[in-house]
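Protein chains in written order, with the numbering used here: chain A, 46 to 388; chain B, 46 to 388.
For the record, the hints were derived by calculation from the structure and aren't laboratory data. Treat the hints loosely; a few may be bogus.
Copies of the same chain look alike in the list, so a pair counts if it fits in one copy or across any two.
Claimed, not checked - With a Cα cut of at most 25 Å, we get these calculated SDA-like pairs of lysine to any residue:
hint, residue 1, residue 2
1, K70, N320
2, K159, T80
3, K70, Q60
4, K341, N320
5, K341, G244
6, K134, L145
7, K242, G377
8, K261, E87
9, K261, H158
10, K261, Y76
11, K159, D332
Quick caveat, the model's predicted, so the values are computed rather than measured.
There are 2 protein chains.
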Amino acid sequence: MANLEKETNMTENRQVMIDSLPDGKLQESNYRIETSPAPEPEADEVLCRTLAVTIGAGTRAGLQGSASYAGAPRTNIVMNGLGVARVEKSRASGFSESDLVTCPSGWQDYSVHKGEMLSRVEDDIDPAHYLGALGTNGLTAYFGLLRVGEPNSGETVLVSAAAGSVGHLVGQIAKLKGCNTVGITSTPEKCQLLEDKLGYDSSVSYRSEDFRQELKAACPAGVDIYFDNTGGDILGLALFRMNEHSRIVCCGVVSQYDTSNPAGGPRGIPGLLVNKRIRMQGFLVFDYLAEYENAKDEIKGWIKSGELKPINDDFQGLEKAPAAFVDLLAGGNVGTRIVRVAD
Amino acid sequence: MANLEKETNMTENRQVMIDSLPDGKLQESNYRIETSPAPEPEADEVLCRTLAVTIGAGTRAGLQGSASYAGAPRTNIVMNGLGVARVEKSRASGFSESDLVTCPSGWQDYSVHKGEMLSRVEDDIDPAHYLGALGTNGLTAYFGLLRVGEPNSGETVLVSAAAGSVGHLVGQIAKLKGCNTVGITSTPEKCQLLEDKLGYDSSVSYRSEDFRQELKAACPAGVDIYFDNTGGDILGLALFRMNEHSRIVCCGVVSQYDTSNPAGGPRGIPGLLVNKRIRMQGFLVFDYLAEYENAKDEIKGWIKSGELKPINDDFQGLEKAPAAFVDLLAGGNVGTRIVRVAD
Numbered sequence: 046m047a048n049l050e051k052e053t054n055m056t057e058n059r060q061v062m063i064d065s066l067p068d069g070k071l072q073e074s075n076y077r078i079e080t081s082p083a084p085e086p087e088a089d090e091v092l093c094r095t096l097a098v099t100i101g102a103g104t105r106a107g108l109q110g111s112a113s114y115a116g117a118p119r120t121n122i123v124m125n126g127l128g129v130a131r132v133e134k135s136r137a138s139g140f141s142e143s144d145l146v147t148c149p150s151g152w153q154d155y156s157v158h159k160g161e162m163l164s165r166v167e168d169d170i171d172p173a174h175y176l177g178a179l180g181t182n183g184l185t186a187y188f189g190l191l192r193v194g195e196p197n198s199g200e201t202v203l204v205s206a207a208a209g210s211v212g213h214l215v216g217q218i219a220k221l222k223g224c225n226t227v228g229i230t231s232t233p234e235k236c237q238l239l240e241d242k243l244g245y246d247s248s249v250s251y252r253s254e255d256f257r258q259e260l261k262a263a264c265p266a267g268v269d270i271y272f273d274n275t276g277g278d279i280l281g282l283a284l285f286r287m288n289e290h291s292r293i294v295c296c297g298v299v300s301q302y303d304t305s306n307p308a309g310g311p312r313g314i315p316g317l318l319v320n321k322r323i324r325m326q327g328f329l330v331f332d333y334l335a336e337y338e339n340a341k342d343e344i345k346g347w348i349k350s351g352e353l354k355p356i357n358d359d360f361q362g363l364e365k366a367p368a369a370f371v372d373l374l375a376g377g378n379v380g381t382r383i384v385r386v387a388d
Numbered sequence: 046m047a048n049l050e051k052e053t054n055m056t057e058n059r060q061v062m063i064d065s066l067p068d069g070k071l072q073e074s075n076y077r078i079e080t081s082p083a084p085e086p087e088a089d090e091v092l093c094r095t096l097a098v099t100i101g102a103g104t105r106a107g108l109q110g111s112a113s114y115a116g117a118p119r120t121n122i123v124m125n126g127l128g129v130a131r132v133e134k135s136r137a138s139g140f141s142e143s144d145l146v147t148c149p150s151g152w153q154d155y156s157v158h159k160g161e162m163l164s165r166v167e168d169d170i171d172p173a174h175y176l177g178a179l180g181t182n183g184l185t186a187y188f189g190l191l192r193v194g195e196p197n198s199g200e201t202v203l204v205s206a207a208a209g210s211v212g213h214l215v216g217q218i219a220k221l222k223g224c225n226t227v228g229i230t231s232t233p234e235k236c237q238l239l240e241d242k243l244g245y246d247s248s249v250s251y252r253s254e255d256f257r258q259e260l261k262a263a264c265p266a267g268v269d270i271y272f273d274n275t276g277g278d279i280l281g282l283a284l285f286r287m288n289e290h291s292r293i294v295c296c297g298v299v300s301q302y303d304t305s306n307p308a309g310g311p312r313g314i315p316g317l318l319v320n321k322r323i324r325m326q327g328f329l330v331f332d333y334l335a336e337y338e339n340a341k342d343e344i345k346g347w348i349k350s351g352e353l354k355p356i357n358d359d360f361q362g363l364e365k366a367p368a369a370f371v372d373l374l375a376g377g378n379v380g381t382r383i384v385r386v387a388d
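My request is simple: use the sequences and hints to build the entire structure.
Next comes the structure, spelled out in structure tokens:
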């Protein structure tokens, strides 16, 4: 707290700016750090001190093309991202100094927001969970699996990017619902982790030369729900493992974000969808906004009871955010990638 | 009837046999006609005199590959197909001479079946309707549009192969449900027919050089339901016209049946499915078996009231069946292709 006071008095604001748009793979050099005085809140505004920001693969889509829900890409703006923050000064009713909130902080130390942009969070749990299991990632796993996937006990749930921010929660929630879970991830080391720490029943590395055969062997009863975080070749192979009346939850396309030349679609569409009566459905978590609070209550209950063990994958220091993002896109993360900015 | 008696007494049975499997496009020469004595019914069997058979594009899938619900392809068997027939001799309880039935007659004059393979049909309507609007085609249109597509009044329904056996009924049922309908077909002449005779609000020819632009212009409010009978490039373009929360009904893949090298899947999958929250769902009509009778009652009501005008596209004579099939796959048909075998 003494530390925080000192920083606050300096009112220096470090900002990670988008310096250039990536041409091919994202690089740390696509960002630069600027320092400027912290902003002052106007009437109805709140000054927030960023404690942590989360980095999601989906943000990559905002840096290219036009066919994205994230809007057209721009440079010379602070990189966007959701943060958890402590209120430093409030000129908005309903918020007081030292309240904990989530806000669209971006990658910077300080940000000001209208009160309606903030969401107060409780202090009975590590606030970084509000960027993970109790934030967009957790809600995405929750609504995608339960509402789009509609799992039944005993079914097989296959998850790609299974160790990722969303995937590691999908696997655990599927187990809570009595499903058999199979995770797809990058390396044998991560496979081990899926089975030892994240509760997956089995796992497959998509980098294996025998991936196709290993995927088949890992799903002896076929796949009833494929929770697709990747698209691309993994989706193409998973399609051929789907059971009749199975569901493909189209959650993300991480295989296609970090490129300016997205691949063609998977073979077998639509033929296999017809023959196997497969439902393939995209969703965005925002569509379930009205149900967020109930879902958060349920997820928090699972965390407190120990039934759900979210993993936060921390980087220390705002200046590490670009490296954390590049590493995330290369498949380096386990759980929710968090950049801790201040205590 | 005198005519029929004469033919019956001859008990000569013409059969259209699969002579070879198509290598590339189906040819009339893939079939041959054989003549043999009509079979005699054993105990619990019924001898059926084929009056008409229907030819559906989906049957083509049974002549190649393995990934089909129709089973592995074979030669030197009678070509399969559903017929409407008159009972000639019955040794099965529940059926008597001159009853009208539907049965898996195949392309031949006479066939014998266990009683449980037959479906009795009423004689208050042209029995050929039981091969079209009151048969698999009509039920496919009905369940695909209403159960998978879930249309709401005022929505835009786009249909490919819109003049086809299923498509021409989908468009009409969509109009009955208050939708705006856009049909995709092959030629400008067929487009005219879609609008003049089949009740489509607008139409587009996929052979037009400006197909992409014309499709866009024909759907100014986007597409809420795409009823896909074709797959391939048409699906690929339709995807980019879909509205948020829209549905793609995957009914058939006619563009891919008549080839031994199916194309890759459409670009934009799964990215567009996510961004637009599109549900893409395959179905087979057999899944709705328990509801067939209610559906037939409703469809028959529409036909009798004149609200639904099914079109039967007749070829005269069993020997014309191979030509009728080849022409169908080339996009030559309007409505349900029927081969009339006897009066």
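So, going through the hints one by one against the coordinates:
Proximity of K70 and N320 under a CA criterion of 25 Å is satisfied inter-copy only: 22 Å between copies versus 37 Å inside one chain copy. Taking the closest pair of Cα atoms, K159 and T80 come within 25 Å of each other only inside a single copy of the chain (23 Å); across copies the shortest separation is 85 Å, beyond that limit. Taking the shortest Cα distances, K70 and Q60 sit within 25 Å of each other inside one copy (22 Å), while across copies they are farther apart (62 Å). Taking identical chains as interchangeable, the C-alpha atoms of K341 and N320 lie at most 25 Å apart only when they sit on different chains, with a minimum of 24 Å there against 38 Å within one chain.
In this assembly of identical chains, the alpha carbons of K341 and G244 lie at most 25 Å apart only when taken from the same copy (21 Å versus 49 Å across copies). In this homomeric assembly, K134 and L145 come within 25 Å of each other (Cα to Cα) only inside a single copy, at 12 Å, whereas the closest approach across copies is 84 Å. Taking the shortest alpha-carbon separations for K242 and G377, only the intra-copy value of 16 Å comes in at or below 25 Å, while the best inter-copy value is 60 Å. Within a single copy, K261 and E87 get their C-alpha atoms no closer than 59 Å, and across copies no closer than 46 Å, so neither meets the 25 Å cut-off.
Proximity of K261 to H158 under the C-alpha cut-off of 25 Å is found in neither arrangement, the shortest distances being 50 Å within a copy and 40 Å between copies. In this assembly of identical chains, the alpha carbons of K261 and Y76 never lie at most 25 Å apart, being 41 Å within a copy and 39 Å across copies at closest. Only within a single protomer do K159 and D332 lie at most 25 Å apart by alpha-carbon distance; the minimum there is 23 Å, versus 53 Å between protomers.
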